[in-house]
Structures are given as C-alpha cells and as structure tokens.
Amino acid sequence: MNITADLQSLFTWNTKQLFIFVAAEYETPRNSLNQVSLWDAIIPAKEHAKFWIQTANKYRFIDQGSNLRGKKFNLTLHWHVMPKTGRMFADKLVMSGFRLPDEHR
Amino acid sequence: MGWIAEHVESIKSMKIRDTLSQLITLGMIVSTALIIWKALMCLTGSESPVVVVLSGSMEPGFKRGDILFLHMSEAPFRAGEIVVYNVEGKPIPIVHRVIEVHEQENSGKVDILTKGDANPVDDRSLYAYGQNWLKPQQIMGRAVGFVPYAGWVTIIMTEKPIIKYMLVGALDSAGETYLLF
Numbered sequence: 001m002n003i004t005a006d007l008q009s010l011f012t013w014n015t016k017q018l019f020i021f022v023a024a025e026y027e028t029p030r031n032s033l034n035q036v037s038l039w040d041a042i043i044p045a046k047e048h049a050k051f052w053i054q055t056a057n058k059y060r061f062i063d064q065g066s067n068l069r070g071k072k073f074n075l076t077l078h079w080h081v082m083p084k085t086g087r088m089f090a091d092k093l094v095m096s097g098f099r100l101p102d103e104h105r
Numbered sequence: 001m002g003w004i005a006e007h008v009e010s011i012k013s014m015k016i017r018d019t020l021s022q023l024i025t026l027g028m029i030v031s032t033a034l035i036i037w038k039a040l041m042c043l044t045g046s047e048s049p050v051v052v053v054l055s056g057s058m059e060p061g062f063k064r065g066d067i068l069f070l071h072m073s074e075a076p077f078r079a080g081e082i083v084v085y086n087v088e089g090k091p092i093p094i095v096h097r098v099i100e101v102h103e104q105e106n107s108g109k110v111d112i113l114t115k116g117d118a119n120p121v122d123d124r125s126l127y128a129y130g131q132n133w134l135k136p137q138q139i140m141g142r143a144v145g146f147v148p149y150a151g152w153v154t155i156i157m158t159e160k161p162i163i164k165y166m167l168v169g170a171l172d173s174a175g176e177t178y179l180l181f
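If you're matching them up, the sequences are chains E and Y in order.
Everything in the first sequence is counted per UniProt numbering, starting at 1 for the first residue and increasing by one.
Everything in the second sequence is counted per UniProt numbering, starting at 1 for the first residue and increasing by one.
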C-alpha cells in the first residue's frame, strides 16, 4: 500500500496532532455496510504532514466470517484533527474501485 | 482579655443567622451546578456530557486529566469516531476510537470494535466475557471537544478525598471571615 499525502494545510495554531487512518468499506451478503481500519498513524507536527509511505496493512483485513475473495471495496483516508483545546473535527477522502484478489489464503 | 470576650460574644450572637445564610448560599451553588449539569445532559443527549480522561490509552491526543465534551445523536457510528462506552460489570466508562463497524441494514444490528490510539491491540480484552463486539446501546456519546488538564481537579478530589475536605473547609472559613465584616 502506497500513500502520498500533503496534509500541511490542516495544521493551525490550535492543532495538536492529526490522527489519520485508512479504512476499507465494503458490502457483504450478511452486512450491508462494513468499515474496517487497515492502517493508522499520528502526525504530531506540520513538518511530518507531507509524506510518502509504503507499508503493508497494520491491521488484518478480516471480515465477520464471510468470504472476502474478489470483493470490491472503497478505501477511505480519514483525518481527525485533534486540537490543543476546543472542538475536534474530521474529514475524509474516498477512493473507490479496489478489489481483493480472487484467490488468497 | 476583655477584647477576646467581646469577640466571642459577637461571634455567638451572629452564629445562627450566619450558619443559615451559609447553608442557603451553599444550597444555591449546588442547585445551580445541578441545573447546568442537567441542561447539558438535555443539550448533548448524553447521560454524561462531560468526562475526565483517566488513562493514557489515547495519548498523545488525550492525556490523563483532560476533559472531554460529549455529544450523542441518532447518527450511525462510523470508523474514526472517538466514543465513550460502558462495559457491563465495569464501573468506569472507556474513551477509545472506533476502528471497525459492521452494520446489517435489515435487522439494524450493528457491531462495533474500538481501540485506544496508544494501545497495540483492540479492546476485545476489555469487553465483557464472551463479548466480541460493542453494541451502539453501550455508547454514551461521541467526543466532540476537549480541554486539557482541566480534569485534574476531579481526579485529585476523587483519589485523595482529604483535599476535598480541605477545600470545603477553606471555603467555609473564607466565607465566615467575609460575613463577619
């Protein structure tokens, strides 16, 4: 998984850190909506907000029992602005069109 | 010596009115605090609209002693939200982030998994015995705002009750001295 992002504009005088995570969203016959977090990180300062990383997922992509083979899913990058004090807010960017391989362990 | 006797006389004669007056003031302060608390409960829809962070599991975002403002709404829970929830049999609610949501449209059944930002693993070990997922009914509210360090007063007063007594004692004697003028 490759991520290139520039989140510097989210840092203000009141921003303590950014909590970002990537979640996969998909449907199964059993559950109409599933969201599973695959990776997260904390960005403590503006200097670190422009980055490129390549990692395997931090958390396992498993579903409540059903088959994930060949499943289509959306990947969403969420960011959560945690302030030094006051109101918190969050936003996200949705990227759709991913698909799990038809064959896997 | 006469001066001391005079003083004692004046204190004794004002004693009853003083005490009543203090009791009423105290009563008014407590009622006001209660009204504000209940109003907050109505406004935010949460049974506990303000909570103090007691553990370090959400660091560096929230530290022990911070205060969180909660809000509850009918909106469905989504990954990334910071929620405060109760576990059956445990007295203290937990503040962590939702990392997984599994929703069934038809039955309305929702399973939620949470994890503290600073914890290496998810919260399954904190849930009740045999419980693998959180239910939305267990969640008291979402964290929408916070103030750092402001909760230390509550933590100190809970963990070291002597401070609470000292504080009340100090306020009491300060009040008495003021009224004597």
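Keep in mind that the hints were calculated from the coordinates and are not lab data.
Treat the numbers as computed from the prediction; the structure is a model and nothing was measured.
Where hints are given, some of them may not hold.
[To be verified] Where chain Y lies over chain E, by a calculated footprint (3+ residues, C-beta under 8 Å):
| no. | region |
| --- | --- |
| 1 | 15-27 |
| 2 | 75-83 |
[To be verified] Computed from the model, here is a short list of chain Y residues facing chain E with C-beta under 10 Å:
| no. | residue |
| --- | --- |
| 3 | Ile16 |
| 4 | Arg64 |
| 5 | Gly80 |
| 6 | Ile82 |
| 7 | Gly89 |
| 8 | Pro93 |
| 9 | Ile99 |
| 10 | His102 |
| 11 | Val110 |
| 12 | Asp123 |
| 13 | Leu126 |
| 14 | Val144 |
| 15 | Phe146 |
| 16 | Trp152 |
| 17 | Glu159 |
Even glycine gets a Cβ: it sits at the ideal position worked out from N, Cα and C.
How does the coverage statement for the region 75-83 of chain E fare against chain Y, requiring three or more residues with Cβ below 8 Å from a Cβ of that chain? That given contact holds, which follows from 4 residues of the region 75-83 of chain E lying within Cβ reach (below 8 Å) of chain Y.
Is the interface hint for Val144(Y) satisfied, with its Cβ closer than 10 Å to some Cβ of chain E? Result: holds, 6 Å to nearest chain E Cβ.
Less than 10 Å between beta-carbons is the criterion; does Val110(Y) satisfy it with respect to chain E? Holds, about 9 Å.
Grab the minimum C-beta distance from Ile16(Y) to chain E and call the hint holds if it beats 10 Å, violated otherwise. violated (46 Å)
If you take the shortest Cβ to Cβ gap from Ile82(Y) to chain E, is it below 10 Å? Check passed: Cβ of Ile82(Y) comes within 8 Å of chain E, closer than 10 Å.
Please verify the coverage claim for the region 15-27 of chain E: does it have three or more residues whose C-beta sits within 8 Å of some C-beta in chain Y? holds (count 5)
Restraint: Glu159(Y) near chain E, CB-CB cut 10 Å. Satisfied or not? The hint is violated - Glu159(Y) has no Cβ within 10 Å of chain E, the shortest such distance being about 24 Å.
Taking the closest Cβ pair, is Phe146(Y) under 10 Å from chain E? Holds, about 7 Å.
Does the CB of Gly89(Y) sit less than 10 Å away from some CB of chain E? Result: violated, 24 Å to nearest chain E Cβ.
Grab the minimum C-beta distance from Leu126(Y) to chain E and call the hint holds if it beats 10 Å, violated otherwise. This hint is violated: Leu126(Y) lies away from chain E, its Cβ roughly 17 Å from the closest one there, beyond 10 Å.
Closer than 10 Å between Cβ atoms is the bar; does Trp152(Y) clear it against chain E? Give me holds or violated. Violated, because the Cβ-Cβ distance from Trp152(Y) to chain E comes to roughly 15 Å (cut-off 10 Å).
Identify whether the interface hint at Gly80(Y) stands, where standing means a beta carbon of chain E within less than 10 Å of its own. holds (5 Å)
Hint check: violations occur at hints 3, 4, 7, 8, 12, 13, 16 and 17; the rest are consistent with the structure.
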